[in-house]
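Peer 1: Now for the letters of each chain:
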Amino acid sequence: AQKVTQAQTEISVVEKEDVTLDCVYETRDTTYYLFWYKQPPSGELVFLIRRNSFDEQNEISGRYSWNFQKSTSSFNFTITASQVVDSAVYFCALSEGDTGTASKLTFGTGTRLQVTL
Amino acid sequence: NAGVTQTPKFQVLKTGQSMTLQCAQDMNHEYMSWYRQDPGMGLRLIHYSVGAGITDQGEVPNGYNVSRSTTEDFPLRLLSAAPSQTSVYFCASTSGRWTSGRGELFFGEGSRLTVL
Chain A
22 AQKVTQAQTE
32 ISVVEKEDVT
42 LDCVYETRDT
52 TYYLFWYKQP
62 PSGELVFLIR
72 RNSFDEQNEI
82 SGRYSWNFQK
92 STSSFNFTIT
102 ASQVVDSAVY
112 FCALSEGDTG
122 TASKLTFGTG
132 TRLQVTL
Chain B
9 NAGVTQTPKF
19 QVLKTGQSMT
29 LQCAQDMNHE
39 YMSWYRQDPG
49 MGLRLIHYSV
59 GAGITDQGEV
69 PNGYNVSRST
79 TEDFPLRLLS
89 AAPSQTSVYF
99 CASTSGRWTS
109 GRGELFFGEG
119 SRLTVL
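Chains as they are written, first to last, in the working numbering: chain A, 22 to 138; chain B, 9 to 124.
What the hints contain is simulated information worked out from the structure, not anything from laboratory work.
Treat the hints with caution; some may be incorrect.
Derived DMTMM-like pairs (lysine to aspartate or glutamate); straight-line CA-CA distance at most 25 Å [said to hold, decoys possible]:
no.: 1; chain 1: A; residue 1: 125; chain 2: B; residue 2: 38
no.: 2; chain 1: A; residue 1: 125; chain 2: B; residue 2: 67
no.: 3; chain 1: A; residue 1: 59; chain 2: B; residue 2: 67
no.: 4; chain 1: A; residue 1: 125; chain 2: B; residue 2: 81
no.: 5; chain 1: A; residue 1: 24; chain 2: B; residue 2: 64
no.: 6; chain 1: A; residue 1: 24; chain 2: B; residue 2: 46
no.: 7; chain 1: A; residue 1: 125; chain 2: B; residue 2: 117
no.: 8; chain 1: A; residue 1: 125; chain 2: B; residue 2: 80
no.: 9; chain 1: A; residue 1: 24; chain 2: B; residue 2: 112
no.: 10; chain 1: A; residue 1: 37; chain 2: A; residue 2: 80
no.: 11; chain 1: B; residue 1: 17; chain 2: A; residue 2: 65
no.: 12; chain 1: A; residue 1: 125; chain 2: B; residue 2: 64
no.: 13; chain 1: A; residue 1: 24; chain 2: B; residue 2: 67
no.: 14; chain 1: A; residue 1: 91; chain 2: B; residue 2: 112
This one's a predicted model, so the numbers in the text were calculated from it and none came from an experiment.
Chain A on its own, in the form it takes in the complex (with noise of 0.2 Å):
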């Protein structure tokens, strides 16, 4: 069975700071996807990136950036010089297969990120 753990389940930071959100996912696919979404308070779910198995290369957006190891099934993410404005729920996700699938992903619970001035 799939599996998806985020450990922090809140972080605090001071505005500037690069903050580095850990994600370790459970499969025994080959052939699996793995998810970042942003819950910000408003509530609502905003896609941030998704990474297949097949590409191991990290990846980097502004001031965004994931590392995707599968020797140590991890997908961490990592936001470089925080701002106010990054202050929300981050969840990792996975889904296991190909077609078929697509609409099941598993959800880790969630890390608070609080960025203060």
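Fit chain B to the supplied structure of chain A, relying on the hints for placement.
Peer 2: Below, chain B alone, put in the same frame as chain A:
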């Protein structure tokens, strides 16, 4: 630019009442799903559908029914509401072809349900 539309956004029910949460998407997506979000538990899959006429259970299906008569709509029915069903419900859809494209699972804005 409607995307995934959920109604209602807020609902208060009494124990034993029934209701339907509506979900519609205008992106011609094959795959749709319902999740519930509870404090400290992330999102959990209730039911999902891989196309019109095809549905299956997720992790927490008890107390909920679904049907998929059209590609666009995927309503979630609570037949006899219980306080344990107090939660925020999210509907989602995707094309499913994640080997190409942005591969996003699009979510609705959520429906907050309180059962007294």
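Peer 1: Does each hint hold? Answer for all of them.
Peer 2: Results for each hint:
Simply put, residue 125/A and residue 38/B have alpha-carbon atoms about 13 Å apart, close enough for the 25 Å limit, and the pair holds. Restraint check: the Cα-Cα separation between residue 125/A and residue 67/B comes to about 10 Å, which is no more than 25 Å; the hinted pair holds. Between the alpha carbons of residue 59/A and residue 67/B the distance comes to roughly 22 Å, so the proposed pair stays at or under 25 Å and holds. Under the criterion of a C-alpha separation no larger than 25 Å, the hint pairing residue 125/A with residue 81/B is consistent with the structure, at around 17 Å.
About 20 Å separates the Cα atoms of residue 24/A and residue 64/B, which keeps this hinted pair within 25 Å; it holds. Distance hint between residue 24/A and residue 46/B is fulfilled; the C-alpha atoms sit about 17 Å from each other, no more than 25 Å. Taking the CA atoms of residue 125/A and residue 117/B, the gap is near 18 Å; set against the 25 Å cutoff, the hint holds. Using a Cα cut-off of 25 Å, the hinted pair residue 125/A and residue 80/B holds, with the two alpha carbons roughly 18 Å apart.
Distance hint between residue 24/A and residue 112/B is fulfilled; the C-alpha atoms sit about 20 Å from each other, no more than 25 Å. The straight-line distance between the Cα atoms of residue 37/A and residue 80/A is roughly 21 Å, inside the 25 Å bound, and the hint therefore holds. This hinted pair checks out: residue 17/B and residue 65/A have alpha carbons roughly 12 Å apart, not beyond 25 Å. A hinted pair counts as satisfied when its Cα atoms are at most 25 Å apart, and residue 125/A with residue 64/B qualifies at roughly 10 Å.
A hinted pair counts as satisfied when its Cα atoms are at most 25 Å apart, and residue 24/A with residue 67/B qualifies at roughly 12 Å. Between residue 91/A and residue 112/B the alpha-carbon distance is near 21 Å, which keeps this suggested pair within the 25 Å criterion.
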